[in-house]
Amino acid sequence: MAIVDSAPTALGRLETLPSDWPVGFWSHWGVFTVVIIAFVLLMVMGFIWLERRGMGRMQARLGPNRAGPFGLLQPVADAIKVLLKENITPAQGDKIVHWLAPVVVFAPTLMIFAVVPFSDGALLADLNVGILYVVAISSISALGVFMAGWASSNKYSLVGAMRNIAAVVSYEIPLVVAIASVVLLTGSLSMNDIVLAQHIPFILLQPLGFLIFFISGCAEINRSPFDLMEADSELVAGFHIEYSGMRFAMFYLAEYSEAVIISAIITTLFLGGWRGPVLPPWLWFIVKVFIVFFVMVWTRTTLPRVRIDQLMALAWKFLFPLALINLFITGIELLTWPEALPWVMILVNIAITAVLVLLWSKFFKLGWGRVEV
Amino acid sequence: MKFERYGKGIAKGLTVTIRHLLRHPVTAQYPEQRLNVSRRTRGNELIWDKEKCTGCATCAKTCPQGVIHIITSVSAEENKYVVEKFEMDTGYCISCGLCVEACPYEALFMGYAFERAKYQRGELVQADEMLLASAKRRPSGYMHPEIASELPRQTLLVERITEEK
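Chains A and B, in that order, give the protein sequences. Using this note's numbering, you'd call the opening residue of the first sequence number 1 and step up by one each time. Using this note's numbering, you'd call the opening residue of the second sequence number 1 and step up by one each time.
Please note that a few of the clues may not be correct.
To be verified - Here are a few chain B residues that face chain A, going by a calculated C-beta distance under 8 Å:
#1 Glu4
#2 Gly7
#3 Ile10
Hints are computed from structural coordinates only; laboratory data are not their basis. What you are looking at is a predicted structure, and each value in this text was computed from that prediction instead of being measured. Here a beta-carbon is modelled for each residue, glycine too, at the ideal position from N, C-alpha and C.
Throw the hints in and build the complete structure from the sequences for me.
Printed below as a string of structure tokens:
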């Protein structure tokens, strides 16, 4: 219903394109499709480089430094290596599903960027349900993961896929509730309007929401410390154990482009998106995305991997109640105190965050150790 | 009421990793960068001083592996042994240094070099002139502090490792 109502306005906005863009619906579509694909691929390469070099330096190593200056061409070398390898389909596997799964995982990650603004109004489609679209589309890749696990005809890949789905479904809930508290502040689901509403970055107004979104975002895309389904130092691979060559490359690409997406959404929702002084908006956006991803690399290097029961407990006992309380408090604040000074609100919210985290540390422990049943 | 588990440990860990990000990496990129080994290293070869050696074969008797093979003849006019052949199979050498410690005339030294790998097994057997000291075959300071004082200081990993590109 909402989408049908919004169609004229969405098209109406497209007609008022910035004057330096080629005018017209299809040229807009064509330009932004090319821009988005190029952006995602280049950012993935940048992320792979940043992760390997940054992680290396944090472990007092150098990281890859042979291909190109400072190892900048290492992702290219990796891609060439993996593309030249043989594409193997298991003899007992479901051939079509096995072939389709990497595409189903990767395609949504490109589709999400349709609603991420690079500058004011510079986005493929300014949907008025933008963030809802993001949540809906990003869940499709969970289906691809299960297709991969099932079609491989391998018990390990199936178990890996099941754990992955369990984690994604569990962490979707605190994620969406954290988004809802941001949407309460802005009163709009459109990504562009959310950025326009952030005179103060929402990380200050919603510190607890940011924390919850960051943690559950990391868990959603299976980044360390929540990467126990494909723990690269312990297991072979998880759900993509039977994949090689081009299809494995697709999974690898999808993994990092999901990281790009989570970083981009955190930037848009909490860090003020493309807004910032001096630099052009698109550069601010990229810089902020890289900063968010650097924090992800930082936590990955620091924190040890959790067990599956700890993973579930963190989602349901820690993040979910806190996200609900955060939504509730945000609603009360907006109802009872609508024209409070922003700086007062920031201090109050940071104090509430500190109190809640301290309180929950008394209720909930992650490291109970092994429990004999 | 004691507060714990609110993220203090995570914050500590994060400071540790960020401090490591800002320090020097310890990786030495071997073929381009070489570290100075310890001045008292027992490298993988033996240096023999032909002038000091009297052919007493104490080294051969001490060697637990039987690596050193020494053949002498008697020179009647000089009233001493002449070393005809001094041979060692470095493939069996365990670098224990007992021969160097046992030599009564300080004619044996451990080697300072560590890059003496060979392609053929036969090349491991070194004899006579091959065992003498040269620019590439320097004696190490093992058992010989006067040699050690002239060798370059050992590189510590915390210092001066830079990326070479």
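Going through the numbered hints above, which ones does this structure break? Give me the numbers in ascending order. none
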